[in-house]
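S.K.: So the chains spell out like this:
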Amino acid sequence: MRYAEASYSGEGALKRQPPIANSVLGMILFIMTELMFFAALVSAFLIIKSSVEAWPPEGQPRLPVFVTAINSVFLLSSAVTLFLANRSFRQDAYGDPTLKLLKATLYLGILFVAIQGFEWARLISYGLTMTSSQYGAFFYLIIGTHALHAIGAIIGLVWLYRLMKERRLKQQTFSAGQIFWYFVVGLWPILYVLVYLT
Amino acid sequence: MAEVATADVAHDDHHHEHEESFWSKYVFSTDHKIIGFQYMFTGIAMALIGGYFAYVFRMQLAFPGSSVPFFGLVSPAAYNSLVTNHGTIMIFWVAMPVLIAAMGNFLIPLMIGCDDMVFPRVNRLSYQIFLLSAIVLIASFFVPGGGFGGAWTAYPPLSAMAKYNATPFGAPMWLIAVTLEIVAFLLGGINFITTVMNARAKGMRMYDIPIVIWMIVIASMLFMASVGPLVAGAVMLLFDQTLGTTFFDASAGGDPVLWQHLFWFFGHPEVYVVLLPAMGIVAEVMCTFARKKLFAYKMILYATIGLGILSFFVWAHHQFISGVDPRAAYLFTTTTLLISIPVAIMLFAYIATLYGGSIQFTTAMLFALSFLAEFLIGGVTGIWLGSSGVDIYLHDTYFVLAHFHYTFFPIAIIGTYTAIYYWFPKMFGRKMNETWGKIHFWGTIISFNCIFIPLFVLGAAGQHRRIYNYQHFPDLAGADMQDMRVFATISLVVMLLFQIPFIINFIVSLKYGEKADKNPWKANTLEWVAPSPPPHGNFPDGFPEVYRGPYEFAHPDREDDYWPQNEPGNQKPKT
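Chains L and W, in that order, are what the protein sequence lines are. The letter at position 118 of the first sequence is residue 118 when you use our numbering, and the numbering goes up by one with no holes. In short: position in the second sequence from 1, add 1000, done, that's our numbering.
Since the hints were derived computationally from the structure, they do not count as laboratory data. These numbers were taken from a predicted model, which means no experiment stands behind them. Beta carbons are placed, not taken as given, at the ideal position from N, Cα and C, and that holds for glycine. Be aware that one or more of the hints could be misleading.
Covered stretches of chain W (in silico footprint by chain L; criterion: 3 or more residues with CB under 8 Å from a CB of chain L, positions within the stretch not fixed) [said to hold, decoys possible]: (1) 1191–1199; (2) 1237–1250; (3) 1257–1271.
Interface residues of chain W toward chain L, partial, derived using beta-carbon atoms under 7 Å [said to hold, decoys possible]: (4) V1118; (5) M1224; (6) A1225; (7) G1228; (8) V1231; (9) A1232; (10) G1253.
Covered stretches of chain L (chain W as the covering partner; in silico rule of three or more C-beta atoms under 8 Å from a C-beta of chain W) [unchecked claim]: (11) 19–33; (12) 115–125; (13) 128–137.
Generate the whole structure from the sequences, applying the supplied hints.
M.R.: See below:
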């Protein structure tokens, strides 16, 4: 981008604007890799699941379907607040509404991870662990990987929030962070249906 | 990441010459050229380790039970560890860092006419993670039990259980090292693709990009699209090894073949990830030294894209005897045979590039030509192995081993030498010695063929891979077979000795080589516009503007037989 701006602006000719900004393109490529990563986890899960007779296996605790459904609503609504935050950022940049919306997104994300952690603690106390069965192993593997991504996304959002407070946040950085957050949110319903419901 | 971009060029130049210390200039640099050199020298150092391992286990096979000079007696466990780590190092720590990371880092900004990668700090992080991965791998040789001994493909249950592979610490460390290495290349790949898409010189359109840059970009895309499953598998295998899960344990509801699918879904595109940059390097060198335009540039590009897509549908040809359904095996045979078509298109286009050219037999050109010849042998034997019926007999024999060494050696070793002899003047401002280069070339190529042609014969005779001592197998212990093993081993030692002239030539040329000007080979691409060696920021006289494709040699309207991309001509500029 700098090459485009620095090298051509002096000539009075048009600046070359890449169709997709650097940070956004880099993030899209990263998410492509991440999608393949999750696809592999899910396909491994489906292969193992299809080869056993009883799923979930006898004697293993059942997953908290209802609480997690409510928790999903929190996560999904965080995508809406982030969308509104970006719209507000485009309109009045570092204004108060942008900060508030970003903060709301952050709290919703933290709430999601906290409730998930609470449910995990209960499941472990009921005897569902990585080694108790394939069921438990895949649950913690897939949902745990998603949780790690959610925590990473929260850290990213905190970083964006700090940049915004210091009035240094660029639109393309915001968009890249937003894309990652959408990835974490958009993945969740698929994993919920696959792991919790079927 | 936008604010991460380097400061403006004039400012950097100012600081560069006077104030930067050794550490900030060569160790913690964000300059793409320095990072490229870091990758290259780390890769060469790892190649020496991998070559040493090959020497030790070949000596054991030729003279079983005798003490190997510079190593000692080879135990069965040490043999397994040496074979495993030879494969791992040569693919993950030599072919990938040198061909993609080093050449990509060095060439991409220079050839597309910009000053650095778009994410320079991510680039530096990429190398640091890579170095960490190499350190973890080397450290794993010294833990109790030694380095991982479950073969570089790490099939469970052998790789999952310490009681089988006998390397309780080496195995997890090997997995961690591979995963770190993959993260490093992921960061590099994001950088490469974004840079080529967004930071090209003014006037450089898609079809004006040199073919080697296209190949590196497509290879990066293949890598990024295929690597997720391997990381997923590696995490699961690591849990199997350390936490006691049973993802790949058939006795507890797991599936060992699942690992093979996850591994080869990455593993086969990986072959093309390293092949494509080497093909691109060879194309650049051949055009320059045949003084001809690259034949069918667009056809090569489309064939490469087709090759990339097809490479995701061939992985199960590594598993024909792993219990894959015969109907699926038939499908994978078909896709495997199909994939030879784009490769054949590329090779024919290269040969057509040579046709009628005025060829200069420089060392780089000799290496490029030998790449075609040797890779062709690897490709043709691959057609037999890709057919499931033949593969059932040849699977896991030395025929397979010789086949993939005939592909990987041209890619990783010949491709690297081509690049080094060709771009050395640009990298360091001096030329390498041609006479010693040719001695190195002939010594390497002849001894390479002497190693692996006997192994084809042995493999067809039924010699199985991964066996510590053939004297225990009456069918394989005949004197004629042993003679061939000894011959291959002696050839290997000769080949390793012929690398000494290269190393000496490299070091001496750094200091005393003939000085090179900006464009010693009279080539067209943009890296030859920059001074040799290029300073920080690459183009001190202003960024070049591109008017034509990269291979305009012997144009009838011109006196010179070459026409650099940045030189305005009598034709209307394209943009």
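S.K.: All hints, please: hold or fail.
M.R.: Against the structure, the hints come out as follows:
1. 1191–1199: holds (count 6)
2. 1237–1250: holds (count 6)
3. 1257–1271: n = 3 at 8 Å, threshold three: holds.
4. V1118: holds, 5 Å
5. M1224: holds, 5 Å
6. A1225: OK, holds: A1225 of chain W within 7 Å of chain L, min 6 Å.
7. G1228: holds, 3 Å
8. V1231: For V1231 of chain W, the interface hint holds, since the closest Cβ of chain L sits about 6 Å away, which is under 7 Å.
9. A1232: This hint holds: A1232 of chain W lies near chain L, its Cβ roughly 4 Å from the closest one there, short of 7 Å.
10. G1253: holds, 5 Å
11. 19–33: holds (count 10)
12. 115–125: violated (count 0)
13. 128–137: Answer holds; 5 residues pass the 8 Å Cβ test.
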